[in-house]
Amino acid sequence: MNATATRATQARRRTAATFAFPLNPFAAGCAVLLSVLAGNAYAQASGSEEATPVAPNTPVAAATVQTPAEAPAAAPTAFPNGAVSKVTVTGIRTGIEAAISIKRNSNSIVEAISAEDIGKLPDTSVAESIARLPGVTAQRSRGSGRASEISVRGLSPSFNGTLLNGREMASTGNARNPEFDLFPSELMGGVVIYKTPDASVIGQGLAATIDLKTVQPLDFGKRVIAANYKRSRLGVRTTEEGSGDRVSFSYIDQFADRKFGIALGITSYDETGGEQRKFDAWGGNTAALPFNGQNVLVPLGFTADTESTSHKRDGAFMSLQFRPNRDFRSTLDLFYSAGETGLKRSGFEGAVGSNTSGLYDPAGVLQNVVVQNGVATSGTLTNYKGVVRNHVETSEDDLKTVGWKNELKLGDWSTSADITWSKATKLSARYETTAGLPGNANPLDTISWTGFNGGNFTDVAWRTGLNYSDRAVAQLTDVNGWSGTATNILPQAGYLAQPYVEDTLKAIRLNAKRPVEWGPMSAVQFGYNFTDREKARSGEEGRLEILGGAQFAAQTMPGTGTGVAGTTGLPIATWNPSGSLGTVYQLATKVNADILTKFWDVKETVQTAYLMGDLNGELFGFEYRGNVGSQFVHTKQTGGGYNSGNCTGETADACPAVRVVDSVSYWDVLPSLNLSFDLKNDQVLRMGLAQVLSRPNLDDLRGGIGFGVNTGVTNPFISGGGGNPGLKPFKAKAFDLSYEKYFAKKGYVSAAVFYKKLDTFILRTPSEYDFAPWATSTTPLPTTGDFAGSTVGVLNRPENGEGGNIKGYELAVNIPLNMVSDWLDGFGIMANHSFTSSAIDIPALGFGNVQTSAQSIPLPGLSRKVSNLRVYYEKYGFQIAAAARKRSDFLGQSPDFSDTLQYTFVKGETIVDFQLSYEIQSGFAKGLSVFAQANNWNNAPYQEYTNSSDSITRRVDYGRTYQFGANYKF
180 MNATATRATQ
190 ARRRTAATFA
200 FPLNPFAAGC
210 AVLLSVLAGN
220 AYAQASGSEE
230 ATPVAPNTPV
240 AAATVQTPAE
250 APAAAPTAFP
260 NGAVSKVTVT
270 GIRTGIEAAI
280 SIKRNSNSIV
290 EAISAEDIGK
300 LPDTSVAESI
310 ARLPGVTAQR
320 SRGSGRASEI
330 SVRGLSPSFN
340 GTLLNGREMA
350 STGNARNPEF
360 DLFPSELMGG
370 VVIYKTPDAS
380 VIGQGLAATI
390 DLKTVQPLDF
400 GKRVIAANYK
410 RSRLGVRTTE
420 EGSGDRVSFS
430 YIDQFADRKF
440 GIALGITSYD
450 ETGGEQRKFD
460 AWGGNTAALP
470 FNGQNVLVPL
480 GFTADTESTS
490 HKRDGAFMSL
500 QFRPNRDFRS
510 TLDLFYSAGE
520 TGLKRSGFEG
530 AVGSNTSGLY
540 DPAGVLQNVV
550 VQNGVATSGT
560 LTNYKGVVRN
570 HVETSEDDLK
580 TVGWKNELKL
590 GDWSTSADIT
600 WSKATKLSAR
610 YETTAGLPGN
620 ANPLDTISWT
630 GFNGGNFTDV
640 AWRTGLNYSD
650 RAVAQLTDVN
660 GWSGTATNIL
670 PQAGYLAQPY
680 VEDTLKAIRL
690 NAKRPVEWGP
700 MSAVQFGYNF
710 TDREKARSGE
720 EGRLEILGGA
730 QFAAQTMPGT
740 GTGVAGTTGL
750 PIATWNPSGS
760 LGTVYQLATK
770 VNADILTKFW
780 DVKETVQTAY
790 LMGDLNGELF
800 GFEYRGNVGS
810 QFVHTKQTGG
820 GYNSGNCTGE
830 TADACPAVRV
840 VDSVSYWDVL
850 PSLNLSFDLK
860 NDQVLRMGLA
870 QVLSRPNLDD
880 LRGGIGFGVN
890 TGVTNPFISG
900 GGGNPGLKPF
910 KAKAFDLSYE
920 KYFAKKGYVS
930 AAVFYKKLDT
940 FILRTPSEYD
950 FAPWATSTTP
960 LPTTGDFAGS
970 TVGVLNRPEN
980 GEGGNIKGYE
990 LAVNIPLNMV
1000 SDWLDGFGIM
1010 ANHSFTSSAI
1020 DIPALGFGNV
1030 QTSAQSIPLP
1040 GLSRKVSNLR
1050 VYYEKYGFQI
1060 AAAARKRSDF
1070 LGQSPDFSDT
1080 LQYTFVKGET
1090 IVDFQLSYEI
1100 QSGFAKGLSV
1110 FAQANNWNNA
1120 PYQEYTNSSD
1130 SITRRVDYGR
1140 TYQFGANYKF
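In our numbering, the protein residues as written are 180 to 1149.
These are calculated hints, taken from the structure and not from any lab test.
Since this is a predicted model, take the numbers as computed values, not measurements.
Note that CB positions come from ideal geometry on N, CA and C, so glycine has one too.
Hints may contain errors.
[Unchecked claim] Estimated spans, in silico, between C-beta atoms of each pair:
| hint | residue 1 | residue 2 | range |
| --- | --- | --- | --- |
| 1 | 1129 | 685 | 50 to 56 Å |
| 2 | 707 | 968 | 52 to 58 Å |
| 3 | 838 | 758 | 42 to 48 Å |
| 4 | 633 | 761 | 16 to 22 Å |
| 5 | 707 | 1000 | 18 to 24 Å |
| 6 | 598 | 837 | 35 to 41 Å |
| 7 | 964 | 1129 | 34 to 40 Å |
| 8 | 695 | 447 | 48 to 54 Å |
| 9 | 981 | 837 | 56 to 62 Å |
| 10 | 761 | 707 | 41 to 47 Å |
| 11 | 687 | 400 | 46 to 52 Å |
[Unchecked claim] Derived EDC-like pairs (lysine to aspartate or glutamate); straight-line CA-CA distance at most 20 Å:
| hint | residue 1 | residue 2 |
| --- | --- | --- |
| 12 | 1054 | 1129 |
| 13 | 409 | 450 |
| 14 | 491 | 519 |
| 15 | 777 | 857 |
| 16 | 777 | 681 |
| 17 | 579 | 711 |
| 18 | 602 | 493 |
| 19 | 936 | 857 |
| 20 | 491 | 432 |
| 21 | 1065 | 978 |
| 22 | 859 | 780 |
| 23 | 1044 | 1068 |
| 24 | 925 | 1001 |
| 25 | 907 | 938 |
| 26 | 859 | 938 |
| 27 | 409 | 493 |
| 28 | 907 | 780 |
| 29 | 920 | 832 |
| 30 | 579 | 696 |
| 31 | 777 | 1001 |
| 32 | 986 | 947 |
| 33 | 438 | 586 |
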């Protein structure tokens, strides 16, 4: 079948998909189970409904929710307006009891955290608090050491749906979900994680749905004002400490006989991180070089950096509520977050085993080598070209979200309309500068090493012949000739990239619900959600040339600063290149296939209709409650970008590009069933069945491909990469079972098992591809080898593939220890452990930073073992807590030098934190508390590896973080 016919067939299939959705056998299974429940329904379904209170709007309010056993029978109303529940928010136990109430009263399997005080989550960041929940882990940023991403039940962070007050948001990165750094913990009232979805949850993820909650003013019984100040010491126990300041203010009030309410929170912080010394062993690779008639193994090369970071962020939220009567409530939520981040990197790098890394880097000769078992344990290499690196990375981001929800009760009907607007932008700049010996320098340097055993890359001692802290040696110049060819020299004394990301999301949601008496069904609700999203990435980048653009031009490095290169201790000259464009450098805009594939735009329209019934009844002598329903989802996605492969140079004229746009439409049916059985004596057994999905990252949906000749192999061939606008979501059938034993509202123990059968997966994998449709008469083709003159090559892009499964168990205990003995009054413990295994095989081919001898790698984000422990004491105004979280090795994601996310193995870690505070209980200073916190007390390093966790290729020590401050509530 020719290409035209194939596209026509695909178009007809897409058209047909627009008007029909497939019959889902999973939905049929839910229907069969529902019919069994119907035969055992209560005669009075409404009575059961009265015993199941509606969950409050915020986790904070949950502190006063009565459990089913305690709740009095009362006719359901739209909104509480008569007797106001007084919300008392203070202390560790209050936050724990609020979270337990949410977990117990939910029809789904959920985990929750709640603020221990207004504007104060249990940890310094939202991500750190979430990571203490069962089955939840955090991945630290290798740049800052902060908990930046969340993995639930062993699945990658991109498998989560993230909401703010139940609404989807725009994001500043390539992923769909916003980064957690955008949400200061002081502005959050709590977090709910839905491990099993119901049909009314929009924006759900395959792993979980994380709903961040701000406070709602009419959930409080009186005015609350709080102010907080923190002083931080960052990078304690590193070479040079950093510092920071955080301030926050919260105001909650009600007016006009509680018809109006306002909640306002603002926060600001400014932090400069401690100095971090890093070492990268170039993937932990070795190479064989000749010495005395034999080949000996030496390190391939290394990069050693000393880094410091800075973070500034201002955040604010406001919630306005209007409730003139019992039947109407209007809520306007506004959220704003704007931040600046900076990273200063000074270091040293150079090729050793690869012997040459550019046009100006000649091959060296080994001297004075000591060989043991074929490994050069020590030695010297001549003709060495070392590169001094002084890089600066900055970014400015902001997120604005507006949500307006109106709820109206019409007789037995409870209706609502909710509109959302969210916009996120991020402007980044990456200055990279190189210094060393100019390309025509002679003689060159030497580099020596000792202590190498073939695998201990981070333990090797290095020494250079020249002093690179001398500005006469380390000159700003094109050191190695990294750009152009031998016949077309393009000077590159540095590099500048300035990407810009803009994401806009608009949504409207309509919902209606009413009580019914249909067998086991006590209420029915239906709704519709429309989401329109547009995201684009643009910018420019290019080579930095010394002013004048001469091939071997060099300039003395400004300033007098010196430093050391990471963990090597090698002395180097340092400076800050920010603002040097026009004074030291000129920009030569660079255009090639790889750069053009970074410029893209995606438009996505998702329409969701849903129907759900609340269930109450009895089965086999046990009362149950829950819900059953389904979502019917229609998606239309369009990806735009550029096809580029006809490049004969690195300018716009020499690298022509063709704008391409492609789109696809499809249906998904997502049935779900949640049941909670009352086993008496405060015991609950929950079961969840659902079809779940996670949509592809938006950059994976981009249009266009870039390609060129791969000359780094024996038989050169065309290789390319890009996005795929036709990608379908990750989909899975999920089963969950959870046993929970509660001790009133004070504590619980639980055990859960889960299983996910992944029907579809997305792989970025290479496959054979004929580039002929995009080739022209001037397209460079292979000139030698088996593929000479051929347009058939390899295309690496995301594709839908076969799935697998993921399964595991979770154990948790959360109790005050006075249940054990009165002598332990005030003490409590929270502990959980999860084990997750996967039967998914992902080809390692095509992953830039992963090397394995097998043909498969673990599921990204999967730590087989995750454990959390928190012990606390709270009495007489004192609050003391010690916590530890531990996870085993996993496959993480980190950006490479070109801002492209790459997979890399991350070694398991244990992180220990401490908290201490005292609140004055009486007198004129009542409401004032002082506190101290220590994070990463054990200075757990961040470590990456390729083949073996015994051969670390990258290590970062972040040091401890100390925080001291005061909080005043009145």
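Quick rundown of the hints versus the structure:
| no. | hint | verdict |
| --- | --- | --- |
| 1 | 1129 - 685: 50 to 56 Å | holds, 51 Å |
| 2 | 707 - 968: 52 to 58 Å | holds, 56 Å |
| 3 | 838 - 758: 42 to 48 Å | violated, 34 Å |
| 4 | 633 - 761: 16 to 22 Å | violated, 48 Å |
| 5 | 707 - 1000: 18 to 24 Å | violated, 55 Å |
| 6 | 598 - 837: 35 to 41 Å | holds, 38 Å |
| 7 | 964 - 1129: 34 to 40 Å | holds, 38 Å |
| 8 | 695 - 447: 48 to 54 Å | holds, 50 Å |
| 9 | 981 - 837: 56 to 62 Å | violated, 33 Å |
| 10 | 761 - 707: 41 to 47 Å | violated, 54 Å |
| 11 | 687 - 400: 46 to 52 Å | violated, 33 Å |
| 12 | 1054 - 1129 | violated, 45 Å |
| 13 | 409 - 450 | holds, 11 Å |
| 14 | 491 - 519 | holds, 5 Å |
| 15 | 777 - 857 | violated, 54 Å |
| 16 | 777 - 681 | holds, 14 Å |
| 17 | 579 - 711 | holds, 16 Å |
| 18 | 602 - 493 | holds, 16 Å |
| 19 | 936 - 857 | violated, 28 Å |
| 20 | 491 - 432 | violated, 29 Å |
| 21 | 1065 - 978 | violated, 34 Å |
| 22 | 859 - 780 | violated, 55 Å |
| 23 | 1044 - 1068 | holds, 9 Å |
| 24 | 925 - 1001 | holds, 15 Å |
| 25 | 907 - 938 | holds, 11 Å |
| 26 | 859 - 938 | violated, 37 Å |
| 27 | 409 - 493 | holds, 15 Å |
| 28 | 907 - 780 | holds, 17 Å |
| 29 | 920 - 832 | violated, 70 Å |
| 30 | 579 - 696 | violated, 43 Å |
| 31 | 777 - 1001 | violated, 63 Å |
| 32 | 986 - 947 | violated, 33 Å |
| 33 | 438 - 586 | holds, 14 Å |
Hint compliance for this structure: hints 3, 4, 5, 9, 10, 11, 12, 15, 19, 20, 21, 22, 26, 29, 30, 31, 32 are broken, all remaining hints hold.
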